[in-house]
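Residues 1 to 62, numbered by the numbering used here, are exactly what the sequence shown covers, in order.
Hints are computed from structural coordinates only; laboratory data are not their basis.
Source: prediction; values computed, not measured.
A portion of the hints provided could be inaccurate.
Ranges between beta-carbon positions, derived for each pair [to be verified]: (1) P54 with T27: 50 to 56 Å; (2) V19 with W49: 38 to 44 Å; (3) R9 with S36: 28 to 34 Å; (4) Y39 with E7: 29 to 35 Å; (5) V15 with Y41: 36 to 42 Å; (6) F51 with R9: 37 to 43 Å; (7) S14 with R42: 26 to 32 Å; (8) A29 with W49: 28 to 34 Å; (9) D55 with L31: 30 to 36 Å; (10) S10 with D55: 55 to 61 Å; (11) P54 with D16: 35 to 41 Å; (12) N48 with V20: 35 to 41 Å; (13) W23 with P54: 27 to 33 Å; (14) L11 with R42: 53 to 59 Å.
All C-beta atoms, glycine included, are put in the ideal place defined by N, C-alpha and C.
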Amino acid sequence: MILAGSESRSLDPSVDLQVVIFWTILTLAGLGIVMSLGYLYRRERDLNWDFQKPDVPHDDHH
Numbered sequence: 001m002i003l004a005g006s007e008s009r010s011l012d013p014s015v016d017l018q019v020v021i022f023w024t025i026l027t028l029a030g031l032g033i034v035m036s037l038g039y040l041y042r043r044e045r046d047l048n049w050d051f052q053k054p055d056v057p058h059d060d061h062h
């Protein structure tokens, strides 16, 4: 007779899980660095478009 008393039914994490977590963290860090460099480049070159500027008050025309 086999008793299923204290044995866990979950699977143990494999080594592949650690590799996936490592590459996920590395990819997110790399993406954050690229986005930060793009933001700094845009800010340094003063690359702004008209839709990013504050609106002119409309009541000055009356």
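Legend entry - Hints breached by this structure: 1, 3, 4, 6, 7, 11, 13, 14
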